[in-house]
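Protein chains: 2
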Amino acid sequence: MKKTDLNELRKDPLLGRWIAVLSESVPPSEYRQDLSSEGVHEKSCILCAGRESETAGEIMLVRNASSTNVSHKWWTRVIPNFNPVFKVEGELGRRGEGMYDKMNSIGANEVIIESPHHNVQPEDMGLEQMSRVIQTYRDRISDLEKDSRLRYTLIYKNHGISAGSHLGHPVSHLASTPVIPKRVKEELDGAKQYFAYKERCIFCDVMREELRVGSRVILETRHFAAFCPYASKFPFETWILPKRHNCAFQDIRSDELEDLALILSSMLKKLRTLFPDLSYNYFIHSAPNRVPRKDHWHTLGEDFHWHLEIMPRFLRTSGFEWGSGFYILPTSPEDAAKYLREV
Amino acid sequence: MKKTDLNELRKDPLLGRWIAVLSESVPPSEYRQDLSSEGVHEKSCILCAGRESETAGEIMLVRNASSTNVSHKWWTRVIPNFNPVFKVEGELGRRGEGMYDKMNSIGANEVIIESPHHNVQPEDMGLEQMSRVIQTYRDRISDLEKDSRLRYTLIYKNHGISAGSHLGHPVSHLASTPVIPKRVKEELDGAKQYFAYKERCIFCDVMREELRVGSRVILETRHFAAFCPYASKFPFETWILPKRHNCAFQDIRSDELEDLALILSSMLKKLRTLFPDLSYNYFIHSAPNRVPRKDHWHTLGEDFHWHLEIMPRFLRTSGFEWGSGFYILPTSPEDAAKYLREV
Numbered sequence: 000m001k002k003t004d005l006n007e008l009r010k011d012p013l014l015g016r017w018i019a020v021l022s023e024s025v026p027p028s029e030y031r032q033d034l035s036s037e038g039v040h041e042k043s044c045i046l047c048a049g050r051e052s053e054t055a056g057e058i059m060l061v062r063n064a065s066s067t068n069v070s071h072k073w074w075t076r077v078i079p080n081f082n083p084v085f086k087v088e089g090e091l092g093r094r095g096e097g098m099y100d101k102m103n104s105i106g107a108n109e110v111i112i113e114s115p116h117h118n119v120q121p122e123d124m125g126l127e128q129m130s131r132v133i134q135t136y137r138d139r140i141s142d143l144e145k146d147s148r149l150r151y152t153l154i155y156k157n158h159g160i161s162a163g164s165h166l167g168h169p170v171s172h173l174a175s176t177p178v179i180p181k182r183v184k185e186e187l188d189g190a191k192q193y194f195a196y197k198e199r200c201i202f203c204d205v206m207r208e209e210l211r212v213g214s215r216v217i218l219e220t221r222h223f224a225a226f227c228p229y230a231s232k233f234p235f236e237t238w239i240l241p242k243r244h245n246c247a248f249q250d251i252r253s254d255e256l257e258d259l260a261l262i263l264s265s266m267l268k269k270l271r272t273l274f275p276d277l278s279y280n281y282f283i284h285s286a287p288n289r290v291p292r293k294d295h296w297h298t299l300g301e302d303f304h305w306h307l308e309i310m311p312r313f314l315r316t317s318g319f320e321w322g323s324g325f326y327i328l329p330t331s332p333e334d335a336a337k338y339l340r341e342v
Numbered sequence: 000m001k002k003t004d005l006n007e008l009r010k011d012p013l014l015g016r017w018i019a020v021l022s023e024s025v026p027p028s029e030y031r032q033d034l035s036s037e038g039v040h041e042k043s044c045i046l047c048a049g050r051e052s053e054t055a056g057e058i059m060l061v062r063n064a065s066s067t068n069v070s071h072k073w074w075t076r077v078i079p080n081f082n083p084v085f086k087v088e089g090e091l092g093r094r095g096e097g098m099y100d101k102m103n104s105i106g107a108n109e110v111i112i113e114s115p116h117h118n119v120q121p122e123d124m125g126l127e128q129m130s131r132v133i134q135t136y137r138d139r140i141s142d143l144e145k146d147s148r149l150r151y152t153l154i155y156k157n158h159g160i161s162a163g164s165h166l167g168h169p170v171s172h173l174a175s176t177p178v179i180p181k182r183v184k185e186e187l188d189g190a191k192q193y194f195a196y197k198e199r200c201i202f203c204d205v206m207r208e209e210l211r212v213g214s215r216v217i218l219e220t221r222h223f224a225a226f227c228p229y230a231s232k233f234p235f236e237t238w239i240l241p242k243r244h245n246c247a248f249q250d251i252r253s254d255e256l257e258d259l260a261l262i263l264s265s266m267l268k269k270l271r272t273l274f275p276d277l278s279y280n281y282f283i284h285s286a287p288n289r290v291p292r293k294d295h296w297h298t299l300g301e302d303f304h305w306h307l308e309i310m311p312r313f314l315r316t317s318g319f320e321w322g323s324g325f326y327i328l329p330t331s332p333e334d335a336a337k338y339l340r341e342v
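These protein sequence lines map, in sequence, to chains H and E. Numbering-wise, the first sequence is residues 0 to 342 according to numbering that gives the first Met the number 0. Numbering-wise, the second sequence is residues 0 to 342 according to numbering that gives the first Met the number 0.
Be aware that one or more of the hints could be misleading.
Stated by the list, open to error - Restraint-style ranges between C-beta atoms, simulated for each label pair:
id, chain 1, residue 1, chain 2, residue 2, range
1, H, His165, E, Pro275, 20 to 30 Å
2, H, Gln192, E, Gly56, 39 to 49 Å
3, H, Arg211, E, Ser43, 46 to 56 Å
4, E, Val212, H, Glu53, 39 to 49 Å
Think of the hints as simulated: they come from the structure by calculation, not from any bench. Every residue gets a Cβ at the ideal spot worked out from N, C-alpha and C, and that includes glycine.
Just chain H, same shape as in the assembly (with noise of 0.2 Å):
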């Protein structure tokens, strides 16, 4: 898909989401069912190690120092996205059309390289190489909410062609927005509710629950839960939540970092003795640029927790879930992490 300069974010007036028009529209005859089902092979790929040159603009990288061999210099590397939605440079420029609302695309699109290796998984080369990713994660995060422009920051992963995947090599990616997604603020504006009420975290509740009730739990280590939850979306669909009450993922300690590239690790490597091709999605929900500019996320520390989800996508969803936003679950949680914590 093509990008210009001046792609535009525009705002559902109804329910009140962003999303983002690419300024240079892609003609009827470009699309195809299924644009992403092609892979890229490892001759083609410029992502492996070696082949640095070929991609402008490095962002950061995690260097292998104990390595003199050049195609093993590094063991993570951020790139800009090939075709980058949101851009960095300019003006907001938030302003009306007619009755509705839009702004620039500002933000950031980056390519998270997980391994140096085509076709090798982090979760297959070691904790110590998951730990990297992760911290590379932190790392962009943290760099990326100095810019008082930028909202949010979602770290995302696509395995597998169902979940929107088209490169053999193991990435993640990057987007940061100027407007806090609708997906998040839902959350945000679910937790605080709950907080409203209750006066306690719901994530703690969620936890506590979990951990009390036991059948929907797959893994415990010291500092985080891995549990299937009780409204999933999607069968077999997991969440890993800290123990530690904190709203801001760049703020986890490096011993945490450590048992979160061990309970991860562990949990892909389970789906994946169970599901050996499975696609999925797996994301970080972490707190909004803590730039106080709202008194909305004045209480925003204590009413949200940040976690990861990972979405197995085996089904296609239909009329049905786009049309009501009511998901229908063949495998209950409760059988799902039965299966989970048995392989």
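Dock chain E against the given chain H, drawing on the hints supplied.
For chain E alone, coordinates are given in the frame of chain H:
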């Protein structure tokens, strides 16, 4: 997917969304990527005319009065869903489970057979057939709204594999739920907020704005307009809005019904001309059952406006969309409308 009598509805404590959990869980071995990818061939299709005895419990039929041929004795036919998630019999049974909330999966799940013939879409059978399909939608909603346990009835269509359809026979579906689904509630809330601020219906305002600007309008008939929304979620998304303000689809007049058949047929033909193998969903958003249960809905007649949304399904959603609720539109609504006007 198997179902038993004890499906349950569960409420997501954070997002307020209800989901349905099947009582008899599908085991991991029965999951494949894209469960729905096999179609049904005509020879084994029990929805075709002449095989009525193989689908029990006929709910409604639009008779072909002029035909003496046994295989043409009806034009549209409604039967119970083969594996209903929502069942008509029973009490709601709202109750708690630890910190969570649940209830029984009361409701209705019906299949609306849109044509007596396999692989023949109603829009290819002429306007009379499309009118009969819409009349069937109306009659089913009018019947189900008498059940005070049911809060909402969604009519939706899945066409093509990417849209979740696995039947070669043209059908729509109906799902009645004892709760207002999240997506519908968001529209009701958004429309209510707009009305509180402007003292006007947001849909009427959008209609006026679109007809004034013109660039996103595809078709205008006597009673309806079809346009690509300003902040579409998917490329070539199209909304059909009635010009007469009314919250309830089932109050459609007969001249409006014929006109809706015309504009819906035209839109589906346009989309299929531009994209011959298109998968799409459409659904009708109408007011919830108007049994006045809550003050919350007291302005409903003024602030909501029924409509039909058509969603082409070209792209696989990725972790970005699922994690953020933020959508990227590769073709602008203005360009999409232009392409659709010109076919």
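Evaluation of the provided hints:
1. H:His165 to E:Pro275: 20 to 30 Å: holds, 23 Å
2. H:Gln192 to E:Gly56: 39 to 49 Å: holds, 42 Å
3. H:Arg211 to E:Ser43: 46 to 56 Å: holds, 50 Å
4. E:Val212 to H:Glu53: 39 to 49 Å: Once the Cβ atoms are compared, 44 Å apart, the range 39 to 49 Å for Glu53 of chain H and Val212 of chain E holds.
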